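For the record, the sequence lines run as chains C and A. Following this note's numbering, the numbering of the first sequence begins with 1465 at its first residue and continues without gaps. Following this note's numbering, the numbering of the second sequence begins with 871 at its first residue and continues without gaps.
Hint data in this document are derived by calculation from the structure and do not stem from the laboratory. Watch out, some of these pointers could steer you wrong.
What the hints assert, rightly or not - Residues of chain C clear of chain A, computed beta-carbon distances all greater than 12 Å:
#, residue
1, R1492
2, A1511
3, A1525
4, Q1708
5, E1887
6, E1900
Stated by the list, open to error - A short, non-exhaustive set of chain A residues, derived as facing chain C with CB atoms under 7 Å:
#, residue
7, G1038
8, A1224
9, K1227
10, G1323
Please read all numbers here as calculations on a predicted model, not as lab measurements. Virtual Cβ for every residue (Gly too), placed ideally from N, Cα, C.
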Amino acid sequence: MALKEELAGIVSSENVFDDPETLDAYSRDFSFVKPVKPRVVVKPGSADEVQALVRWANQTATPLVPVSSGPPRFHGDTVPGVPGAVIVDLSGMKKVMRIDRRNRVAMVEPGVTYSELQPELAREGLRLTTPLLPRASKSVVASLLEREPTLIPRQLWASLDPLRCNEIIWGDGHKLVTGDAGNWSSFEEAWERKQAPAGATGPGQADFYRFVSAAQGSMGIVTWASVKCEILPALHKLFFVPAQRPDDLLDFTYQLLKFRFADELLLLNNASLAAILGNGADHIKALMKELPPWVVLVGIAGRSILPEERVAYQEKDIADIAGKFGQQLVSEIPGAGSDEVLKAILNPSREPYWKLDLKGGYQDILFLTTLNRTPEFIKTMNSVAEASGYPASDIGVYIQPLHQGANVHCEFILPFDRDNPEEATRMQQLLTIASEELIEQGAFFSRPYGIWADLAYGRDAQTTMVLKKLKGIFDPNNVMNPGKLCF
Amino acid sequence: MALSREAYRELEGIVGKENISDDPALLDCYRYPLSHTAIHIGPYYRVYTPRGAAVLLPGSAEEVQGIVKLCNKYRVKFKPSSTFWSAWGFPLEDDTIQLDMRRMDRILEIDDKNNFAVVEPHVIGATLQAEAMKVGLNTHIHGPGASCSCLASATALGGLGPDTLYMGHHNENLLGVEWVMPDGEVLRVGSVGSGLGWFCCDGPGPSLKGLVRGMIGTNGAMGVFTKCAIKLYPWPGPAPLPVEGKPPAYKAVLPDNFRVYTLGFPAWKAWADSCYLIFDAGIGYVAHRQFSMFGRDLKGAMVRILSDPTKTLSDIEELLKDPEVQKMTEDMKRDYQIVLAGMTPGDIEWQDKALDKILEETGGWKVKAMLEPDLYNWSLLYMIRLGHKNLNLVYGGGYDGCFGLGGTPDFGASGEPPRVEQATAFKVEWEKKGNVVACGGDAMMGGIGGMGGGGHALWENFTHFDPADKASTEGTFEFFNATDKYGMEKGFGPGMEKMNDYARWTDGKTTPKEIRDRILGAAAQPEAFRYQRKFKETFNPNDLGDGYYRTLDDPIE
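Just need the whole structure built from these sequences, with the hints factored in.
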């Protein structure tokens, strides 16, 4: 039987695509990862279909590449690593399966985007903390599985929060439900007992969901996940603490993290904030000149209990803390007002995606470290960029405290014109040199896309060996996105 | 098979003569009586855990690695334990090598900027808390109390405690692990594996933290954890804790940015409503149904006895006649304790107001008797340090928990009548038989925030008995059999009382395979244990752990 017919037997013929335009669209993304054309793209509509696809892949030794978010894509993780792959596009699995206001959890399929979920949550008085301006097509489940940073560090009790329960189809074709829901016989029985998919751990003595995190689809496919939501704020304000240097903002930020004050809490440089607020290259460039070099964004939300009083005392106390460290909490800075910025960071990105707007393309370099070490990484990034002829002033910097401040996501955003081959070549060289220097300096590439995989695993042989053994357990025939990470 | 002399000499060469022994008298000191609070098995009267082949006290990760490699060479099972919490820390088979981790007791680092500590296995909650407080930080202290190992809680066992609402579950707090795997290889999990420090336990790529532990850990059955990093939390109070009072009625007078209340509610629905409102408000430093472990009918009297050094258990009957104690007991029928800690004056003021608002909305109250200064300061210290675990044993010398009712606050509080009342009524009938302490049926203790930020509650029904008394011990065992059956019939799910039956059986040794397979096979997803079998085959090829690691041999369906 022809490949297309076999797959049509699983997902029906209207969900199998092999036209050149479609295959070309999935063969590349905005990264420097080498393009590889898939054989077919399929769009399953249910977990059963996904499971059947994975079993078929095992029988036929066909590589599968799971994709949940719509384009544009940026990190090469959904570009096939080997020829002959079948793309499993989950973007059509769009059910919001349950919203439980009392327990503040929602269950969603992988095709549900932030743009789609937030309005539904808002109707129940909830919202989900998001990454910084995700693109409109970004899958909630994919974002959380990829451990993308979110904006409210005080709510990140666990490193994978707000991701909780997951249904996983492993690479061997077996299904496992993780977290609280993994201990239930049926949803109906659980709802009758007033249980909720709130706890992430288990079942048993392993946290299975951690194996699919930052796995780039190489271990299995998640067919639904539950997420922990926050109460929709009744009152929400945003403030700025501007500074000339990032070093000036660290003690203040540490104090807020320690006290677990503030809601949204992140550091941006002028290039990043300009890209968020600007509309077109000229506007962004003008804003870059106007905005202060560095700023901490401080969100304060009042929710269901005494919202005004909460916002009032936090505003006062946070202003006092800023003063103690020689800084000022303000609601306006040159080039930006608080309402405008709050609206921007609470919503998905406008089109084009905010990181693309300045030059039409960008390369990011992202890793984890601790807050106190960020200035030295910034210095290194700037000096490597300048040495490569790239203007350091164009580099956007985004520092997001995570896990209640135990670590931070440090991201450098380097816009470039990807239609200019010379510029693209220089950027690719800069990416390599900067990544090598940063990892030498202590950057932890915990989500090792593209060239970072070799760099990261090259530093940790034992982890690499254990991961390979684990991969052998869950995906013994190596059908799940081969050629990524260390597999 | 006893340990060969050759193997003994080689082990001695690793840890030194003074840190190894196979003296039978000493080995018997490392056995655990299963009549005594074995935690979720038995109790079995006059049954002991098996005798080990030797006890070793390693002093470093290198020594542990050397021991584990030798165990692989000689195919000898090994069982590490740090603070030996109940039967969990003891072998399931004769001639197992027991590793007592007490020499590895250093706090290696406290990072007061990024709020974590790196500890060795025998660092206990009280020690880490005292050191952390010196730099304005505090540590989560898990349910077994301040005398237990932080590392064991974070890596190998549970990790839940009264302060989880604010200070997280120890699963959540784990930021890095050094793990001597069962085959003797050393894995450093997370950023520390790349030599970059202890700030993140996930990556690069898929997180191997998932292999270290799940809802619970591997109970010492999958190698030895020799270091770990755990997240710390702010301590807005003095250091050291200003403890005063005559034993056992220790108290602490803390500054005005602390509050401790015992909250009472008119109905279980209101009780659950208050939990959800507390989660939504994000208030609370410690929140736990603590003193209910003394029993619904007795807790008022017991709190009086324990907070007054002039009183003893023999005063209980007199106290029960006291109308004030009776009122207090009634006020505390559906209760929990909560500590508020303000980082600033504005913070504590807002938290206090928010709590009042929650009480107003739910019809709840602050139990007045618990606001008297002595009781207030006693309960404040109790909740913050969790240093009174000996009181679990206060009635008869033994206790164990049953039911559990773990899940959302609504789970225990709902049903007709509420499940908590069903469990209470069931226990009251058994208390009448005279083998367990008659304390009012509801001795259900548990956190109202079983994960960081709330979401889970636990209702562990303490059952107090006398482990030295055959009738009491065996009567308790019968009660747990009945509890298990009742809970399953009523749809409560598996209770805590037989949680470890899959591992250890009535003779104190490994549960027979057919029984173990039946228990694990009845789980909602036995596949999890089939995958764990694969983990064991892969990372513990010589099967040198024990049956506490849950595995099923049949293929995954």
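Right, here's what the structure says about each hint:
Taking the minimum C-beta to C-beta distance to chain A, about 22 Å, the non-interface status of R1492(C) holds against the 12 Å cut. The non-interface label for A1511(C) is consistent with chain A: the shortest C-beta to C-beta separation is roughly 15 Å, beyond 12 Å. Separation of A1525(C) from chain A is adequate, the least Cβ-Cβ distance of about 20 Å exceeding the 12 Å criterion. For Q1708(C), the condition that its CB be more than 12 Å from all CB atoms of chain A holds, with the nearest at approximately 22 Å.
The beta carbon of E1887(C) sits about 29 Å from the closest Cβ of chain A, which is more than 12 Å, so the claim that it is off the interface holds. The beta carbon of E1900(C) is kept farther than 12 Å from every beta carbon of chain A, the shortest such distance being approximately 14 Å. A distance limit of 7 Å between C-beta atoms decides the matter here; for G1038(A) the minimum to chain C is near 5 Å, and the interface restraint holds. Proximity of A1224(A) to chain C holds as hinted, the smallest CB-CB distance being about 5 Å (cut-off 7 Å).
Interface hint status for K1227(A): upheld, as the beta-carbon distance to the closest one in chain C is roughly 6 Å, under 7 Å. Interface hint status for G1323(A): upheld, as the beta-carbon distance to the closest one in chain C is roughly 5 Å, under 7 Å.
Violated hints for the displayed structure: none, as all numbered hints are satisfied.
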